[in-house]
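**Student:** Using the sequences and the accompanying hints, generate a full structural model.
As they're listed, the protein sequences go chains A, B and C. Just so you know, we're using my numbering here: the first sequence kicks off at 1 and counts up by one. Just so you know, we're using my numbering here: the second sequence kicks off at 1 and counts up by one. Just so you know, we're using my numbering here: the third sequence kicks off at 1 and counts up by one.
Be aware that a few hints might be false.
Said to hold, decoys possible - Per label pair, the in silico range of CB-to-CB distance:
1) C:Gly625 to A:Gly77: 34 to 40 Å
2) A:Val191 to C:Leu173: 54 to 60 Å
3) A:Gly188 to C:Gly625: 40 to 46 Å
4) A:Ala174 to C:Thr643: 36 to 42 Å
What the hints assert, rightly or not - Residues from chain A that face chain B, not an exhaustive set, calculated with beta carbons under 10 Å:
5) Ala28
6) Val36
7) Leu58
8) Tyr59
9) Phe85
10) Val104
11) Arg105
12) Leu167
13) Leu181
14) Arg194
The hints are simulated quantities; they were obtained by calculation from the structure and are not laboratory data. Glycine residues also receive a C-beta, built at the ideal position from the N, C-alpha and C atoms.
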Amino acid sequence: MGLLATLAEGAATSGAEAVLFWVFAAIALGSAVAVVALRNVVHAALMLVLNLLSVAALYLGLQSSFLSIVQVIVYAGAIVVLFLFVIMLLGIDRDDLLGTRTPVRAVAAVVAGVALAGAFLTVVGADSLTAASACGQLAGDGAADAVTCVGLDEASQDSVGFVGMQLFTRWTFAFEAASLLLVVATLGALVLGRRRDPALEDDLVPSAPVPDEDDLADTAALVADDEDDLATADVRPAEDATATLEPAADRDAPDVSESDDTGRDA
Amino acid sequence: MPIGYYFAVSALMFATGLTGVLLRRNAIVLFMCVELMLNAVNLTFAGAARQWGGADGQVFVFFVIVVAAAEVVVGLALIVNVFFRRGTLDVDAPSLLRR
Amino acid sequence: MSPQTLLLAAETAEVAKNEVLPAAGTLLELAWLIPVLPLLGFVLVLLLKETLRERAAYVAIAMAGASFLLSVGAFLTVAGEPGSYLVEVFDWIDIGGFTVSLDMLVDQLTVVMLLVVTGVGTLVHVYSLGYMYGDERYERFFAYLNLFLFSMLMLVLGSNLLGLFLGWELVGLSSYLLIGFWFEDMENGVAAKKAFITNRVGDVSFMVAMFYAFDLFGNLDFVGKEGILAQAAEVLSSDQALVLGLLLLGGAAAKSAQIPLYVWLPDAMAGPTPVSALIHAATMVTAGVYLTVRMSPVLALSIDLMTIIAWIGAATALLAALIALRQDDFKKILAYSTVSQLGYMFIGVGAGGFNEGIFHLVTHAFFKGLLFLAAGSVMHAMANRTDIWRAGGLKAVMPITFWTSFVAWLAIAGVPPFAGFWSKDQILVIAYEHGFTGVWALGLLTAVITAFYMSRWFFLLFLGEPRWREGETVVDPHGHGATSLHPHESPASMTAPLVVLAVLSAGGGLLNPAHFTGPLYTWLSPATTKWPYQTVEVNEPLLIALSVVAAVAGIGLAYLAYLRRDVSAGRSAEVITGLPADLLERKFFVNELYEAIFVRFGGWFADRLVWFDSTVVDGVVNGVGGASRRLGDVARTAQTGITRAYVGSMVAGAIVVVAVIVAQVV
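**Tutor:** Laid out in structure tokens, this is it:
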């Protein structure tokens, strides 16, 4: 910790912060684009790790060493591992669902993203790009409306202790609520993750829900849909498996699939 | 570094993540894009915390991370569940709401 | 009318006015129970109808009786220390500065009304025990009777105009239920509707009167420093009093069946006879009289208004008496006679004899209640046949009914010393004394006619040869098809109330046997207003003699027409008198006139409204509906069911919001 704190302080008070920022900002944005663009899901997940780590580095530049540590441990260490675990579990290491069904939508999505970025940047504005910390300036003037910089020193010197104090004094209730949320989430995941396999659970859950006709028809319709849209896709193991699972569905409810097709693509 | 740069990076990351949400159909990738957006927001919080010298921004990021962890746990469980039920990760597949 | 001037305050003999006293610490703390007990009875009987069965009647009677006993208690309390007692119950409406309480006002006037309503009401309850026996909705009838009693008591006890109006409306509802009690018969339902709607016309007038009163006084309370009655003389000009009084009169005329709104009452005879006795003799129809007497400080401010009321009363009395001359249905005769007698009460009120009006109200409740119950007893004996020409000679078979009817007949005809003589005579004297000579003359003429048609009623029913045969086959309109006729005296539960009322009808005059000094007059004076205008010298013994002559003349003429001669000759004499007789038989074509004006025109107007409604209004409504649906069809396409499409629209919205913010800042 001491090292990190020193590093953070150094970054803040010298040109080192600028270096830190430009390097890791570039990495963060590049890896973010990679997450969106890469077809291979595992690669995307790895790019996400890269992104999260570079954000952790940016936290250091922001004198938030505690956040930086938490970011690495929780995000990179736990969450992304969970992602990878699920990807491996489901055996879908290749993303066969890249992109939207129609090119128009892809263009629209990108346009929307760019427009939003533009809008945000407009708000951030040119002024703030040159503004120094409000804390140092205003407080130094001793003006009546000066922004107090309570905790900044502590935050940079002893980030863990400071945030810890805050968490267990002012934010105790929120902290307890968060812990409760984690417990509930764990239980929820437990319930949701149970595999609904009639063959395995026959004696445990006698009336395990079986997908009804409509669901099957819907899935089948999607399969047919995808075949049209993504004819160029090279390998599609998951979809093929699905298609073979419900071969009879098409016969049962052709009307539904018809209307679904026209409705969705209209 | 002036705070505006951090905000700019945050904005771009958020927009990138959002584009991913709009673009990708794979539920897992979509989820990862949501994480990107969350991180962008976290960066803004941390930047603001330094700019105005408050600790609340950092505490808030901490809670966002906690909630994100919980969300990922439940979300991934849902994805697994849906995949077992429907055999696909296409988020456009469950369109029952339409009827 | 000779112009009259308002006397100076010093010239009127001052009667000590009521002080407002708190009810706390007296028996009147329980006054709220007086209306609540019948309400409880109503609820109990309706809820436990299946369990109670015929015992329901006793529950209802017990509630009415307890209410009567409490009223006696109220009477004793007020007698002990006279004053206006304000019984606080609860605030009904409390909006900022406007408060309407459901408090109860108990003063001398209220107590008289309470005793009449609960007393006669209880007797009618007891009577119904026998009369309604065997009816398929026996329990329901008693529930309705209790509800009616509750409504009427709320009306009487209301401490402000709105509280009174609450009871007023409830009376309208419960009378509707009772009149249309045998609703299987279309006619009865129509009669009930007619009563209800006609009363609604008056209610509207009453409501407007309340608005106006609130505008003038700022509150609707009767008593108290700010109350209407205390403030009337200072606040109101004569013209304002006239307008307010006319509006109130509109309400009173509907409830008390005065011209032009009397048409509902004769038709309301469709209800069971105890209902007629309760509603049309003792309670509902007296509500209008009660209202005018209660508001007497307001009414007395305008001599024009008083004149109008007196003339309306006189005209109603005469018109209804004339119609009663030629009715063949013995219940209808009583109905028109009720309208006529109510006319007398309005003469009393209009002529400034508020106490006399109430006195007649009380005696009328006795003898008219008795007449109706006797008529019911006859119907009971005659398988519900009400044709007066097919009765006669019933004296022999129903002695109790005969003798009690005899008393009632003398009372209503105005023969001394029976009750009706005193009250009617005092109204005529007061009309003369206060300068309403024309009204007095009409009243006297009406007295002759009253004596005549009531004698006709009595002679044709009870005396002479029977015009029916024992064992004759008749169709009972309320029974089950044809039955054979076996006239008999009614059971004790029916004759007992007859006897009680007969005693009261005979001795009711004792309440106020002397003009201006009688007990009832003295009792009521603190609660009513004294005539503030000039009076005329009056030779009272002469007027009394004239009244007696009128009564005897009427009876004598009827004797000549119906008893001395053969009845059929009497009847044929009625038939050949030509147009006037037709006029009477058709009730002066008032119903036809109303039909032409209101029903036909109303129907035509309603047709136009229906057209407007079905094309314009419905068109707009359907158009809006159709447009919404078409719009919905369009909007539905936005619901693609694709989650990411929704995300996209969120983003678009976010961009727009940001753009707007940026545009505003820059």
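**Student:** If a hint holds in the structure, say so; if it doesn't, say that too.
**Tutor:** Results for each hint:
{"no.": "1", "hint": "C:Gly625 to A:Gly77: 34 to 40 Å", "result": "violated, 60 Å"}
{"no.": "2", "hint": "A:Val191 to C:Leu173: 54 to 60 Å", "result": "holds, 59 Å"}
{"no.": "3", "hint": "A:Gly188 to C:Gly625: 40 to 46 Å", "result": "holds, 44 Å"}
{"no.": "4", "hint": "A:Ala174 to C:Thr643: 36 to 42 Å", "result": "violated, 30 Å"}
{"no.": "5", "hint": "Ala28", "result": "holds, 6 Å"}
{"no.": "6", "hint": "Val36", "result": "holds, 4 Å"}
{"no.": "7", "hint": "Leu58", "result": "holds, 6 Å"}
{"no.": "8", "hint": "Tyr59", "result": "holds, 6 Å"}
{"no.": "9", "hint": "Phe85", "result": "holds, 8 Å"}
{"no.": "10", "hint": "Val104", "result": "violated, 12 Å"}
{"no.": "11", "hint": "Arg105", "result": "holds, 8 Å"}
{"no.": "12", "hint": "Leu167", "result": "holds, 6 Å"}
{"no.": "13", "hint": "Leu181", "result": "holds, 5 Å"}
{"no.": "14", "hint": "Arg194", "result": "holds, 8 Å"}
Of the numbered hints given earlier, the model fails hints 1, 4, 10; all others are met.
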